[in-house]
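The two chains are supplied separately, each in an independent frame; assemble them into the complex guided by the hints.
Protein chains in written order, with this note's numbering: chain A, 1 to 109; chain B, 1 to 512.
It should be emphasised that the hints constitute simulated quantities derived from the structure, not laboratory data.
Just so we're clear, the structure is a prediction, and the values are computed from it rather than from any experiment.
The beta-carbon is built from N, C-alpha and C at its ideal position, and this holds for glycine as well.
Heads up, a few of these hints could be off.
Stated by the list, open to error - DEER-style ranges, computed between Cβ atoms:
hint, chain 1, residue 1, chain 2, residue 2, range
1, B, Leu139, A, Asp89, 51 to 59 angstroms
2, B, Lys91, A, Glu78, 45 to 53 angstroms
3, B, Asp358, A, Tyr107, 44 to 52 angstroms
4, A, Asp73, B, Ser448, 44 to 52 angstroms
5, A, Gly26, B, Arg408, 22 to 30 angstroms
6, A, Asn20, B, Arg464, 22 to 30 angstroms
7, B, Glu38, A, Glu19, 34 to 42 angstroms
What the hints assert, rightly or not - Below, computed lysine-lysine pairings styled on DSSO-like, alpha-carbon distance capped at 27 angstroms:
hint, chain 1, residue 1, chain 2, residue 2
8, B, Lys478, B, Lys280
9, B, Lys208, B, Lys166
10, B, Lys303, B, Lys75
11, A, Lys69, B, Lys402
12, B, Lys118, B, Lys129
13, B, Lys407, A, Lys69
To be verified - Some chain B residues judged to face chain A by a derived CB distance under 8 angstroms, without partners named:
hint, residue
14, Gly228
15, Gly340
16, Ser344
17, Pro345
18, Gln346
19, Ala385
20, Ser391
21, Lys394
22, Met395
23, Leu399
24, Val401
25, Lys402
26, Gly404
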Amino acid sequence: MDLEIQGRVVELVEKYGAENIVVLIGGAEAEAAGLAAETVTAGDPTYAGPLAGVPLGLRVYHVVEPEFKESVDPEIYEEQIGMMEMVLDVDEIISEVSAMRNEFGQYKD
Amino acid sequence: MNYSVIKGSSYVLVNAPDMIIHNGTTQTMERLLNPESEYLKALSDHIRSYDEVVNYLPNQVYIGNYSPEELRKYKQPWHDKKLADESREGKFGEIMPQDEFIALIKIVDVFDLVKLTKEFTDGVREKLKNHKLITDDLLALLKEGEEITEIEGLITDHAAEPIYNKGDLVGCVKRAHDIDPSLKAEVLFENLVSKASAVLAALHLLDKSQINLEDIDYVIECSEEACGDMNQRGGGNFAKAIAEFAGLKNASGSDIRAFCAAPAHAMVQAASLVQAGTFKNVMIVAGGSTAKLGMNGRDHVKKGLPILEDVLGGFAMLISENDGINPVIRTDIVGRHTVGTGSSPQGVISSLVTEPLDRVGLKIRDIDKYSVEMQNPDITKPAGAGDVPNSNYKMIAALGVKRGELKREELNDFIINHGMEGWAPTQGHIPSGIPYIGFAREEILKGSINRAMIVGKGSLFLGRMTNLFDGISIVIEKNYGKASESKSVSEEEIRLLVAEAMRDLASHLQKD
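If we strip away everything but chain B, and leave its shape as in the complex, we get (with noise of 0.2 angstroms):
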């Protein structure tokens, strides 16, 4: 069987610290419910600079300048360990200062919804006419802005929503509808935010993984966020609208949505398109959420700590053809949470580790690295939610004591061995499973480890639609070489093959 493999991957993060205060849910309901809230007047006080998001710790080692093991060097908390001098650009992606992604929004925004004023709009150009990934034909899209009473207008007389940057108004995004709620600003704000950093993660993607842009056939977006209009609220299609600004002129594509699972469900997916011959170079790609920026910080400013949810998040992915060199994606060792699962977390985890694992007669310390729920202690912790990743770790570890693989002294070992220290943004489909593809994928090629489970799971209940739970997983995989082609039978074998059917019928007739 030819698997898939993994080509490439990419990180970038989006420092956006005004989007913090004014289009976070947590900051826009405090301040519909109480707009005097000591928690608001804290708020700025609060915020990081974008050079101490940069130095970072786990910022870096989203964008790969650090690895997973280097992080565990670093005893936790990570928000008061400073790093100095660290590069925003890093081996998988970049960390995106909120100016220029402010501009990136204008570019990707097809409908001229965006307006930026001139000031904001000629010192951003000069800045972006550094960056590598931002060809003239895309700056050339940023156009001369409008004058700021124009744009003050729009947002007193036309609902339009304000895109501040370090305090100032620069700009709005218009409502794209009078009455359409699917259309109103706030939503078209967040959408937009979602495709500039979708695109922003393609066109690192595309840059690292020396692919030609016209070989890939089809993009799979996998956020969180809905684009529609009130018929089709969410109707989509982001994928497209992603491939379109990367260049991507062959392709077409689809969304997927699964909650914070959907990018796990996009790689079995795409695994398998490609694996199947359907496509044979497939993107995946997500960007990130407004809502969920500042989402814990009550807790955060109420311990005192920097509000630690200041940056977008984005990825990309691309599964090509078995090329015999790139980690395989093993499509026979798929975890499903099923509706039948249950909800009990044992229920979870047999449903996502241990039963796929059984499939193939593998065992949990098979698995050489699990990448779960990869959030970043750092801000779980604080707000009570605990260290997501090492609750994973501990529950996949004690399954393995039920089960009689592990001994419940080698508790603590597994989870180290077999573990890592969380580092993603909390950004909901982001920290899912796949921040670790772009390590799992160099250490498989390295050699130092042959196996990864990248797992994925969801809160389906936030919709209302269920109160089931979803998860999903998959193995990554050392490739052990290209499978050799079937024979292929020739026309010639055929009709020898039917020639002598017809002599043993007529024989037999003869006889008869």
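Next up, chain A with everything else stripped away, as it sits in the complex (with noise of 0.2 angstroms):
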């Protein structure tokens, strides 16, 4: 994750808490979505950003996970991302950011 990204994590943490934030991915790979998910969660792997060795355990979600999709209007998720739902490997995507949650995120709900 850009290392200016991980400066602005951080200063949004400071700002409304760990607790009230939920970080969106977006990425096309499954592989650079996982390391996004495990930046935020576990801190930055590259040791590199402001992120390294800093454990956030922020909730972390792709916007192809069904926890985002379901509670985001339907059509506007179809406008928006219908169409790369069709063109991304979303099972793997998932299994990437998910691991990385369920692993590291200090926030369960």
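Structural data, given as structure tokens:
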């Protein structure tokens, strides 16, 4: 995850509290999505950015995960993400992101 | 309507192994933040030889020795598929080795900023004598070279940027101002590299296009560099600087910037200028970027791969008046990502692909080949960015399914029949739509395809001025013959019409 974005995550967490934040990932690649999820839960795996060694344990979902899909207007979801659902390797993305969330997430709800 | 035509195109690569280490931003940043890193220590073991670079399949496709269809016959990845005895010359251009290119940087430098050692200059002069496009006049600009001590002094005392070849210091680029950050040596080095690689592409284009140099009226440059001083950081004008060295005495020009989408924007503008009759022949040109060398190097090294971003890319294209033969540029089939389009992939693809096709009653399958972001997946997949062209084709196909133009089970066939594997180096603007122009022109002339869509996309948010995405597309098509000149009205006919009107008026007045 971009170092500047990591910095913004830190700022938002300080301002609103980790328990009030949900991170949504839109990346197209499962591996990259998994890395982003790891960064906001266990900390930056590359040890390069502000989240290196900072296990925030935030709630994190990819937009193709059912938890997110079920919580938004189906029509808007179809319009914005419907086509990409056909294109992306949804199962792999879910497996990567949910694995990080389940292992390192601190807010299990 | 008389569309403009694509009269020719050229594609060049420059192998730049030392520039990966010293000028690629991934490496320069790492050296700044973590000078003892394992990555920097391992880097040199992962750099390929010039011979390996020439024998790398995607590079051979880029210069035209292998076709996209032939590339598809080789299963990915390609870095382990060793070709042998391939030529540095291709029908579209060449793969230049670093030493010759360093000499070219010196040749195109008009401010005496580049200093090369005598020894290096003597050696490379002999090599360049055999280069058919480097004339004696150009070669004379290499001059005699300097003592190494002078170059070392410029680097230590005057913040000059060193130039290395095979690990040895062979020269430097001086700064052009003591404190102006836009004229510091690193920036000038980057700009001179861009200019030199663009000049090389221009020379190849002019050599292959059989056009009189005097007939080119205008040059549009579309790289991603900025040249200027502190009062106009991106003032330009690379285009004119390149035209000067390409010998285009009658040309003027300007630069277009639109991140990776700039070449596609340049095509739309060049085609429009020619079609409108403003200019007869417009050259589009862009050189390569040192900053992007080894951009994904960390991932390549981590996965035991060679550093695959070891070449600078350049291309040039000639857009001319309709000759009734060459493929036309359909300026009435232009797709645009507008401010209101939004950033959802669906919106982006609709605006670039289906919206312009709908306007002229064409379907997704009426385009024989789509040239999208043609990044080489060998480079992007290990870095977690996936197979970029393939993702683009999947999106176009998925949109086709949503619109009922394709059945879901036809998705993969569509990707194979209307798509291609990517072969272009990740040099920003270089992979964006234009790598296929050379092949498209040939295929259309042969009659094996009728239409191709060139799609350019750009990530504008990187400049922090807008969060918007950008993209533009245009269709090139078989030339069905030059439209006949519209009948002009002669002076005599106008006189008769006026006389008739006067007579009518007079008869009305008489009646009154």
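Evaluated hints:
Checking the proposed 51 to 59 angstroms range against Leu139/B and Asp89/A shows it holds: the Cβ atoms sit about 54 angstroms from each other. Taking the beta carbon of each, Lys91/B and Glu78/A are about 47 angstroms apart, inside 45 to 53 angstroms as hinted. Asp358/B and Tyr107/A have their C-beta atoms about 46 angstroms apart, which keeps the hinted 44 to 52 angstroms range intact. Between Asp73/A and Ser448/B the beta carbons are some 47 angstroms apart, a value that agrees with the proposed interval 44 to 52 angstroms.
For Gly26/A paired with Arg408/B, a C-beta distance near 23 angstroms keeps the hint of 22 to 30 angstroms intact. Between Asn20/A and Arg464/B the beta carbon distance is about 27 angstroms. The supplied range of 22 to 30 angstroms therefore holds. At roughly 37 angstroms, the beta carbons of Glu38/B and Glu19/A sit within the given window of 34 to 42 angstroms. Restraint check: the Cα-Cα separation between Lys478/B and Lys280/B comes to about 20 angstroms, which is no more than 27 angstroms; the hinted pair holds.
Of the pairs offered as hints, the one joining Lys208/B and Lys166/B is violated, with about 32 angstroms between alpha carbons and a cut-off of 27 angstroms exceeded. Note on Lys303/B and Lys75/B: the hinted pairing holds, with a Cα-Cα distance of about 19 angstroms set against a maximum of 27 angstroms. With a CA separation close to 19 angstroms, the supplied pair Lys69/A and Lys402/B stays within the 27 angstroms bound. Annotation: proposed proximity of Lys118/B to Lys129/B holds, straight-line Cα distance about 17 angstroms (limit 27 angstroms).
Proximity of Lys407/B to Lys69/A is assessed by CA-CA distance (about 25 angstroms); at most 27 angstroms being required, the pair is judged to hold. Restraint check, Gly228/B versus chain A: the minimum CB separation of about 26 angstroms is more than 8 angstroms; hint violated. Interface hint at Gly340/B: violated, since its Cβ lies 14 angstroms from the closest Cβ of chain A, which is beyond the 8 angstroms cut-off. Because the beta carbon of Ser344/B sits about 4 angstroms from the nearest beta carbon in chain A, less than 8 angstroms, this interface hint is met.
Because the beta carbon of Pro345/B sits about 5 angstroms from the nearest beta carbon in chain A, less than 8 angstroms, this interface hint is met. Against a cut-off of 8 angstroms between C-beta atoms, the interface hint on Gln346/B holds, since the closest Cβ of chain A lies about 4 angstroms away. Satisfaction of the interface hint for Ala385/B is found here, the shortest Cβ-Cβ separation to chain A being roughly 6 angstroms, below the 8 angstroms cut-off. Because the closest C-beta pair between Ser391/B and chain A is about 6 angstroms apart, less than 8 angstroms, the hint holds.
Taking 8 angstroms as the C-beta contact cut-off toward chain A, the hint placing Lys394/B at the interface holds, the least distance being around 4 angstroms. Checking Met395/B against chain A by beta carbon gives a least distance of about 5 angstroms; that is within 8 angstroms, so the hint holds. About 6 angstroms separates the beta-carbon of Leu399/B from the nearest beta-carbon of chain A, less than 8 angstroms, and the hint is met. At its closest, the beta carbon of Val401/B sits 7 angstroms from a beta carbon of chain A; the interface hint therefore holds under the 8 angstroms criterion.
This hint holds: Lys402/B has a C-beta 6 angstroms from the nearest C-beta of chain A, less than the 8 angstroms allowed. For Gly404/B, the suggested interface contact is broken, since its CB lies about 13 angstroms from the closest CB of chain A, more than 8 angstroms.
Violated hints, in rising order: 9, 14, 15 and 26; the structure is consistent with all others.
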